[in-house]
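Undergrad: Sequence:
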Amino acid sequence: MQQRPYLRYVALGDSQTEGVGDGDDTVGLRGWADRLAEQLAVLEPGFQYANLAVRGRLAGQVRAEQLGPALELKPDLATVVAGVNDLLRPGFDPARTAGELEAMFAALTEAGARVATVTFPDITRIVSLAKPLRPRILEINDHIRAAAARHGVVVAETALPEASTDPRMWAADRLHASPLGHRCIAEAVAQALDLPGSSGSWADPLPPQAVATGVRATAAELRWAAAFLGPWLARRVRGRSSGDGRSARRPALAPVVLRA
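Using our numbering, read the sequence shown as starting at 1033 and increasing by one per residue.
Bear in mind the hints are in silico, worked out from the structure with no lab data behind them. There may be inaccurate statements among the hints.
Calculated pairs, SDA-like style, for lysine to any residue (alpha carbon to alpha carbon, straight line, at most 20 angstroms) [what the hints assert, rightly or not]: (1) Lys1163 to Arg1121; (2) Lys1106 to Pro1287; (3) Lys1106 to Pro1283; (4) Lys1163 to Asp1125; (5) Lys1163 to Leu1120; (6) Lys1106 to Ala1286; (7) Lys1106 to Pro1037; (8) Lys1106 to Leu1039; (9) Lys1106 to Ala1139; (10) Lys1163 to Ala1191; (11) Lys1106 to Pro1077; (12) Lys1106 to Val1288; (13) Lys1163 to Ala1195; (14) Lys1163 to Phe1152; (15) Lys1163 to Ala1204; (16) Lys1163 to Pro1199; (17) Lys1106 to Arg1281; (18) Lys1106 to Arg1282; (19) Lys1106 to Ala1096; (20) Lys1106 to Ala1284; (21) Lys1106 to Ala1143; (22) Lys1106 to His1183; (23) Lys1163 to Leu1192; (24) Lys1163 to Gly1123; (25) Lys1163 to Pro1122; (26) Lys1163 to Glu1194; (27) Lys1106 to Leu1225; (28) Lys1163 to Ala1203; (29) Lys1106 to Gln1080; (30) Lys1106 to Gly1184; (31) Lys1106 to Val1186; (32) Lys1163 to Phe1124; (33) Lys1106 to Ala1135; (34) Lys1106 to Ala1073.
With beta-carbon atoms standing in for the labels, derived distance ranges [as the list claims (entries may be wrong)]: (35) Pro1240 to Ala1096: 42 to 50 angstroms; (36) Pro1240 to Leu1285: 41 to 49 angstroms; (37) Ala1292 to Phe1124: 38 to 46 angstroms; (38) Ala1138 to Asp1057: 30 to 38 angstroms; (39) Glu1097 to Pro1287: 19 to 27 angstroms; (40) His1183 to Gln1241: 34 to 42 angstroms.
For glycine and all other residues, C-beta sits at the position ideal for the given N, C-alpha and C.
Let the sequences and hints guide you as you build the complete structure.
TA: As structure tokens, this is what we get:
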């Protein structure tokens, strides 16, 4: 059971925590961390929330750029979610990436914060071209679990349910969660934290849905490659990141405006 109220929540991470896939730069992003903050705001008057996440950041960049500011905010709850951008890189080192995460786990817990993180679903079931990455995903998840256990960090096992790789949980780019996916991540973290009113319903399978096959499936793959894979590869070749020139969208603690 929760031992104390959470009044100051700070989220650290990359694009998932920033909220990419749930809204856009025109209407504004929401994302799972915002959704979790909304749940917490209902529970505690005076609750405040900051989101330091920036898309495209590697785990080491999250530590270098976000950990110091997070500690200055003196959170009593923090979430740390990073590592997917690392495992997409050719020189991925799971131990080094996990070491960056563990350093953040240690610093935040030592400062008195309750810390939560997540495991990563197998995106190779969404993007067939990514199948060689599956061992990396499994390995980084094992490292995350071990590092979290050493520091008393709560782990939301979003990697495990079958529903986590349902295409409806993913945005059109197949790399970021859809609004439904972000909602389920928020509910998973809420359950891991044992928040009042939380449950395991986020992991329930979705209703059956017809799946495209044959020509329609091939056409969908080609459209995805042209719209998302091509631009992503072009950025890699140029040494660019989707987060270049961006900063945290919610860098200071502030009250939360509840949304429907």
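Undergrad: Of the numbered hints stated previously, which ones are contradicted by the structure, given in increasing order?
TA: none
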